[in-house]
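From first to last, the protein sequence lines stand for chains Z and F. Under our numbering, think of the first position of the first sequence as 1, with each following residue one higher. Under our numbering, think of the first position of the second sequence as 440, with each following residue one higher.
Note that these hints are calculated values from the structure, not bench results. Keep in mind that a hint or two might mislead.
Computed Cβ-Cβ distance ranges for the label pairs, DEER-style [said to hold, decoys possible]:
| # | chain 1 | residue 1 | chain 2 | residue 2 | range |
| --- | --- | --- | --- | --- | --- |
| 1 | F | Gly453 | Z | Arg268 | 37 to 47 Å |
| 2 | Z | Leu85 | F | Met575 | 50 to 60 Å |
| 3 | Z | Leu401 | F | Trp527 | 18 to 28 Å |
| 4 | Z | Leu401 | F | Lys526 | 17 to 27 Å |
| 5 | Z | Tyr276 | F | Pro488 | 31 to 41 Å |
List of simulated lysine-lysine pairs, DSS-like, C-alpha gap at most 30 Å [stated by the list, open to error]:
| # | chain 1 | residue 1 | chain 2 | residue 2 |
| --- | --- | --- | --- | --- |
| 6 | Z | Lys359 | Z | Lys57 |
| 7 | Z | Lys135 | Z | Lys89 |
| 8 | Z | Lys57 | F | Lys568 |
| 9 | Z | Lys393 | F | Lys526 |
| 10 | Z | Lys135 | Z | Lys393 |
| 11 | Z | Lys89 | Z | Lys393 |
| 12 | Z | Lys323 | Z | Lys359 |
| 13 | F | Lys487 | F | Lys568 |
| 14 | F | Lys487 | Z | Lys57 |
Don't be surprised by glycine CBs; every beta carbon is placed ideally from N, CA and C.
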Amino acid sequence: MTPEIIGGWLLVALVASIFVGFPIAFTLIILGLGFGYWGFGDTVFHLLLFQTFATMKEQTLAQVPLFIFMGLLLERAGLMERLFLVMQKMFGGLNGSLYLSAMFVATLFGAASGIAGASVTLLGIMAARSMDRSKYDVRLSAGIITSGGTLGILIPPSVMLVVMGPVMGVPVTDLYAGALIPGVMLAAMYAAYALIRCYLNPSLGPALPPEERAASVSSTLIEFAKGMIPISVLLMCSLGAILGGVATPTEGAALGAFGSLTLVILYRRLTWPLLYNSVLKTIEVSCMILFLVAASNFFGGVFSRLGTPEVLSQALLSLELNKYVILLIIMAAIFLLAWPLEWVPIVLIFVPIVLPMVKQLGFDMTWFAILIAVNLQTAWLSPPVALSAYFLKGVAPQWQLSDIYMGMLQFMMIQLVGLALVMAFPQLVLWLPGVLYGK
Amino acid sequence: MSIESGRVVRVIRGIDAISDWSGRIACWLVLPLIFVMTWEIANRYLIKPTYWAFDLSYMLYGALFMLGAAYTLHRGSHIRTDFLYQKWPVKVQAWVDAFCYLVLFFPGIAIFFWLSVDWALLSWQRQEKAMASAWMPPLYPLKSVLPVALALLLLQGMAEFLKCVHAIRTGAWLTKQRSIEEALADELPSEGNTK
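Work the whole structure out from these sequences, hints included.
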């Protein structure tokens with residue numbers, strides 16, 4: 001049996017064991033060892049140690065724990081609630097103002113932190129009650145909260161893009177710059193959709209009663225400035241410093257984490273349990289991502305050494321399909337895979353399999369990476385598999401699950417339109433990295 | 440509960456406690472990681488870049504996530520695909536898991552552990568240094584992290600296997616599994632409460 005065929009069996013065994021439901025990292029290690037030994041003998045043992053240690057030394061991945069820690073602290077600093085309240089007062093006279101405020105806060109905090117800055121849970125706690133009290137449409141509210149709460153993982157900086165960078169062989173800074181415009185564009189599309197529907201049918205998002213609006217313009221502006229300053233500083237520390245070339249991505253992440261810690265102390269929110277719980281949750285979530293990254297790097301090493309990805313891509317290329325048809329097939333496959341799988345195994349296992357083919361077709365790697373990221377974002381809005389629905393239900397128990405589903409579905413459609421736009425106009429991705437880094 | 444299964448539960452609780460504490464100690468590495476990097480940026484713009492921050496940062500990060508492996512397993516948080524699994528009755532889940540631990544977990548992680556012990560020892564014997572760096576820090580402390588982390592992971596794997604045995608006998612799980620979103624969303628249990 002040739003090594004390529006052994007690699008094919010390896011893939012079959014992997015798919016079978018993934019769907020059994022055992023932790024994927026352990027499966028990757030034993031399958032890599034077994035099939036690697038079968039394919040090329042003792043070398044596989046060195047490969048295991050080498051690849052694991054390479055992952056442990058991959059300094060850009062240090063962003064993962066830093067951003068997770070930052071996100072956890074930021075959630076608890078109470079900055080978001082303040083800003084949301086001010087926004088609410090400022091735009092109270094406008095139909096659907098709460099939709100706008102929630103999306104604005106979610107986008108801003110997504111751009112400051114590397115995981116969903118304002119998670120679905122947090123956004124739900126913050127906005128759901130105000131939306132109920134103001135007789136807002138449940139479906140539209142649920143859609144705004146779930147889409148806003150998951151958008152942060154796409155808006156740079158982003159842990160997902162950090163993991164994707166080494167896989168695609170693209171600098172993380174390029175991915176950050178590339179994801180910025182699509183991310184902001186999606187946020188704008190979400191908000192515009194909600195506002196237009198409210199304009200057409202004001203009962204979906206009635207204006208707030210006068211007593212909940214701003215008393216005077218000047219006092220609101222001062223409040224707004226107070227709410228914006230801390231988050232703007234954080235934004236400059238992390239994303240600003242990274243895109244501006246002042247700091248490496250890892251340094252930017254550390255600066256952001258340091259800034260969040262300082263803010264929590266300044267706002268007198270720092271308690272021992274808060275700090276302890278945050279560091280402890282940081283190690284758990286970092287490890288669930290990074291241990292799988294290490295195992296996948298080993299597995300990927302075995303797999304490509306067996307030569308199977310090349311053979312697969314040759315076979316698919318020999319079908320002589322139009323390259324955009326192949327791209328569409330890959331995107332459809334990722335969309336479907338994202339239902340049962342989390343983003344980590346898709347990025348780490350599926351993407352490397354199709355990568356040689358995508359490279360041969362001559363697609364731009366940065367653009368392809370952002371397409372995948374936008375595509376994966378849709379999965380967080382696809383009921384009934386997306387967990388976002390259940391988190392929202394958890395903090396807004398008065399809302400029917402079916403209404404939450406219907407709301408998410410509408411925003412998933414917008415997301416698909418966004419994906420189509422990014423596919424049709426690669427400049428949406430490529431323009432900013434070109435300006436910043438001259439490529 | 441029979442005396443024998445009471446003993447099994449005590450062993451499980453004991454190992455869970457060890458893994459729990461490994462996580463509760465290792466998690467603090469994130470703070471020096473933040474401070475080292477921040478110090479580096481401040482120094483670069485105020486005085487001159489440090490020669491040690493880069494090496495220290497990957498060492499702290501590498502140790503952080505590796506040493507978290509056992510803790511994460513204990514918390515049921517290693518990424519898995521449970522859309523079929525969650526629909527099965529507890530006893531089927533337990534049989535499948537027990538089989539997977541025997542076939543997929545123990546052989547791979549045991550070989551990995553055994554390899555990493557030799558590899559770390561060799562690094563100590565040679566007093567290996569990071570040659571690509573101006574600081575040339577010793578590499579053996581970071582390399583030693585791997586066998587330690589894998590030993591803890593193996594131990595926790597035994598506890599997980601025993602949990603399967605327990606679930607097969609009693610029809611109920613002692614602990615539950617989590618996804619990334621759930622791990623981020625749920626509040627941590629108070630100390631000693633692993634349920």
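### Query
Quick one, are Lys89 (chain Z) and Lys393 (chain Z) close enough, alpha carbons at most 30 Å?
The given pair, whose Cα atoms are some 26 Å apart, holds under the 30 Å limit.
#### Entry: Pair hint Lys57 (chain Z) and Lys568 (chain F), alpha-carbon separation not exceeding 30 Å
Roughly 14 Å between the alpha carbons, so the hint for Lys57 (chain Z) and Lys568 (chain F) holds.
### Query
Given the hinted pair Lys359 (chain Z) and Lys57 (chain Z), is their alpha-carbon gap at most 30 Å?
27 Å, holds
### Restraint status (C-alpha distance of Lys487 (chain F) to Lys568 (chain F) at most 30 Å)
24 Å, holds
### Query
Is it true that the C-beta distance of Tyr276 (chain Z) to Pro488 (chain F) lies inside 31 to 41 Å, as the hint says?
Taking Cβ atoms as reference, Tyr276 (chain Z) and Pro488 (chain F) lie about 33 Å apart, which means the hint holds.
### Query
Does the Cβ pair Leu85 (chain Z), Met575 (chain F) satisfy 50 to 60 Å?
Holds: the Cβ-Cβ distance is about 54 Å, inside 50 to 60 Å.
### Message
Quick check: does the Cβ-Cβ distance between Gly453 (chain F) and Arg268 (chain Z) fall within 37 to 47 Å?
### Response
At 40 Å between Cβs, range holds.
### Task
Please work out if Lys135 (chain Z) and Lys89 (chain Z) have their alpha carbons no farther apart than 30 Å.
17 Å, holds
### Task
Take the C-alpha atoms of Lys135 (chain Z) and Lys393 (chain Z), compute the straight-line distance between them, and say whether it is at most 30 Å.
The hint holds at about 18 Å.
#### Entry: Beta-carbon spacing of Leu401 (chain Z) to Trp527 (chain F) - inside the hinted bounds 18 to 28 Å or not
Once the Cβ atoms are compared, 23 Å apart, the range 18 to 28 Å for Trp527 (chain F) and Leu401 (chain Z) holds.
### Message
Between the alpha carbons of Lys323 (chain Z) and Lys359 (chain Z), is the straight-line distance 30 Å or under?
### Response
11 Å, holds
### Task
Sort out whether Lys526 (chain F) lies within 30 Å of Lys393 (chain Z), counting only the CA atoms.
Holds, because 21 Å separates the two Cα atoms, which is no more than 30 Å.
Hint violations for this structure: none, all hints satisfied.
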